[in-house]
Amino acid sequence: MIELLEVTKRYPGGHEALRDVSLEVESGAMAFLTGHSGAGKSTLLRLLTRVDRPSRGHVVVAGEHLNRLSERRIPYFRRRVGVVFQDHRLLMDRSVFDNVALPLVVAHHSHHEIGRRVRAALDQVGLLDKERYRPLQLSGGEQQRVGIARAVVHTPAVVLADEPTGNLDPDLSLEVMRLFERFQQVGTTVLIASHDTALIDQMGYDVLHLERGRLVGVRRPAAG
Amino acid sequence: MSDAPPPSRAPRGRRGVSASVRAWFAWHLQSLVSSLGDLARRPLATVLTVGVIAVALALPAAGYVALLNAKWAARGWDGQPRVSLFLHADVDEAAASALARSLQGEPGVATVRVIGRAAALAEYRSMSGLGEVADVIGEGAVLPVVVEVMLRDGVPEAQADAIATALGQLREVEFAQFDLQWVRRLAALMRLLERLGLVLGGLVGLGVVVVVGSTIGLRVEARREEIAIARLFGGTNGFVRRPFLYAGLVYGLAGGALALAVVHGAMIALDGPVAQVAGLYDSGFRLVGPGLDGAAILVGGGGVLGLLGAFLGVRRQLRVVE
Ligand SMILES: Nc1ncnc2c1ncn2[C@@H]1O[C@H](COP(=O)(O)OP(=O)(O)OP(=O)(O)O)[C@@H](O)[C@H]1O
Ligand SMILES: [Mg+2]
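Those protein sequence lines, which keep their order, are chains H and Y. Letter by letter, the first sequence follows residues 1 to 224 of my numbering. Letter by letter, the second sequence follows residues 225 to 546 of my numbering.
These aren't lab readings, by the way, just hints derived from the structure by calculation. Ideal placement from N, C-alpha and C gives every residue a C-beta, glycine not left out. Worth double-checking, as some hints may not be accurate.
To be verified - Cβ-Cβ distance ranges computed for the label pairs, FRET-style:
id, chain 1, residue 1, chain 2, residue 2, range
1, Y, V498, H, S110, 17 to 23 Å
2, H, G217, Y, G261, 49 to 55 Å
3, H, P12, Y, L253, 51 to 57 Å
4, Y, A493, H, R119, 57 to 63 Å
5, Y, G462, H, V186, 27 to 33 Å
6, H, G217, Y, L253, 50 to 56 Å
7, Y, G261, H, N67, 36 to 42 Å
8, H, R73, Y, G261, 27 to 33 Å
9, Y, H488, H, R119, 50 to 56 Å
10, H, H111, Y, D517, 38 to 44 Å
11, Y, A264, H, P12, 39 to 45 Å
Said to hold, decoys possible - One-sided excerpt, in silico: chain H residues whose CB lies under 8 Å from chain Y:
id, residue
12, T49
13, R56
14, P75
15, V83
16, R89
17, L91
18, P103
19, A107
Excised from the complex, chain H in its bound form:
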């Protein structure tokens, strides 16, 4: 579950990237976050991973009240969240396997367990045959999929994705969205920031629309 209550985020320069935003994504649901460039999508996702803190208001993710979360507990909270970044953020000098293994390695899983889960995740994104490649030997879409495999390899309760289809052609974009759909179907809460409205409409899930830091609308999918 994801919940924001009257959240305002003001950056040091004084710019208000989010203004009085309240929203909720139910446990096990999938939703999109949309809006023009600079609307505050990435800012909102950064609050959800506790990379940043709201200037005002409350944030709850996976049952954790982030305002009350101590520094010491942040890593353990993050192990229950999976993140896909707008700019991938892969380790360029590590193999695909090592990149995907990271969330398991930081949580001290056994060698055997890591091998098993990483291959399962790579299989889901269709990159099983490229585990030994370096990210730079992959196409943009393949890199994006490595990022997605890394975000779900530790079966997090919540998956947050920031423009996961930014670099993909329409066919591949749809394929990636179907992938997120599969994670949602097994109980994961999924929130995807995207401004690809055509694709979003095609999917048919809740759409949270941000405009200059304000939540201006929540659109439920048309029945059927």
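Starting from the structure of chain H, add chain Y with the ligands where the hints point.
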């Protein structure tokens, strides 16, 4: 920097204690191997850093070994403080023995020995190069009887001085010679060198910490993106720090071991010439090494300094990265 999850909500599952200890161990081993691999990937930088540490550590280590040897060599002479009482010419050996007996029980006195006229002459003669002079003296001059008073080990200097003065005022005594001056000077010199060595060692230790700290700091800086990503996926401070701490430890241990090799190399080079010099002085003196505990202190100390340097370097750099 503990990496154990806080007690609440720690999903430890059914794993027993021994299994988690094993996992902990495997995890550390993996960190160690990964940081070794990291060091091996940049061989030149690693060799340079280890070399600098080794040279730095070799200096005080060599000084320590030199001092050890100087003390060892000086052991032959630095014995007990001694007061030689040269008696008046008219005091004969019987009277001297009586005096010796009376001094025997005095506080601070260890042993008393009478050196008769003949013995004094023989001793005089045995001192190399003075034989002929002694022969000449022996003919006519009358050597005084000498009473040699050895003071107890560890008598404080002030008390030794007082005893010497008191002995000099005895009726039978022409004059008393207190043979402690040079021993004192030697001891003071050794103490000074020892202190100097400690100061030098401290400075070098500080230098090693700084070198390792800044080297590790650079490595942290070079891997800041990796660190940031590890944190985003739940890496704790301990997780992020650990490979760097191992790298610092390895730097320090390797530097200490190399310093030990350097000191041993220097000793091997000096051993022959030292034996030659000792032979000329009729002495069986040979160089002594730092010994097993000295070696352990050097290598272990290097490791501790490396670890400390890495700890400080990582802490500082992570603060900058944040
Ligand atoms: N660290 C920062 N300091 C100051 N202002 C910031 C910072 N990060 C973002 N902003 C501002 O906050 C606003 C929202 O930025 P944000 O990155 O959340 O937008 P976005 O909706 O993700 O846009 P895009 O679709 O281009 O990724 C922008 O006006 C941006 O300039
Ligand atoms: Mg953005």
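Comparing the hints with the structure gives:
Between V498(Y) and S110(H), the C-beta spacing of about 58 Å breaks the proposed range 17 to 23 Å. At roughly 52 Å, the beta carbons of G217(H) and G261(Y) sit within the given window of 49 to 55 Å. Distance hint for P12(H) and L253(Y): a CB-CB separation of about 43 Å, inconsistent with the stated range 51 to 57 Å. At about 58 Å, the CB distance of A493(Y) to R119(H) agrees with the hint of 57 to 63 Å.
In this structure the supplied range 27 to 33 Å holds for G462(Y) paired with V186(H), their Cβ-Cβ distance being about 32 Å. Under the hint 50 to 56 Å, the C-beta atoms of G217(H) and L253(Y), about 54 Å apart, fit the expected range. One distance hint, 36 to 42 Å for the beta-carbon pair G261(Y) and N67(H), holds here, with the actual separation near 41 Å. For the pair R73(H) and G261(Y), the beta carbons lie near 32 Å from each other, so the given range of 27 to 33 Å is met.
About 51 Å separates the C-beta atoms of H488(Y) and R119(H), a value consistent with the hinted range of 50 to 56 Å. For H111(H) and D517(Y), the Cβ-Cβ distance of about 39 Å falls inside the hinted range of 38 to 44 Å, so the restraint holds. For the pair A264(Y) and P12(H), the beta carbons lie near 42 Å from each other, so the given range of 39 to 45 Å is met. Hint status for T49(H) relative to chain Y: holds, with the closest Cβ pair at about 7 Å, below 8 Å.
The restraint placing R56(H) at the interface with chain Y is violated, with a minimum CB-CB distance near 23 Å, outside the 8 Å limit. Taken as an interface hint, P75(H) checks out: its beta carbon lies about 5 Å from the nearest beta carbon of chain Y, inside 8 Å. Look at V83(H): its Cβ gets to within about 6 Å of chain Y, closer than 8 Å, so that hint holds up. Here the hint on R89(H) is kept, as its CB sits about 6 Å from the closest CB of chain Y, short of 8 Å.
The closest approach between the C-beta of L91(H) and any C-beta of chain Y is roughly 6 Å, which is under the 8 Å cut-off, so the hint is satisfied. Below 8 Å, beta-carbon pairs count as interface contacts, and P103(H) has one with chain Y at about 4 Å; its hint therefore holds. Taking 8 Å as the C-beta contact cut-off toward chain Y, the hint placing A107(H) at the interface holds, the least distance being around 6 Å.
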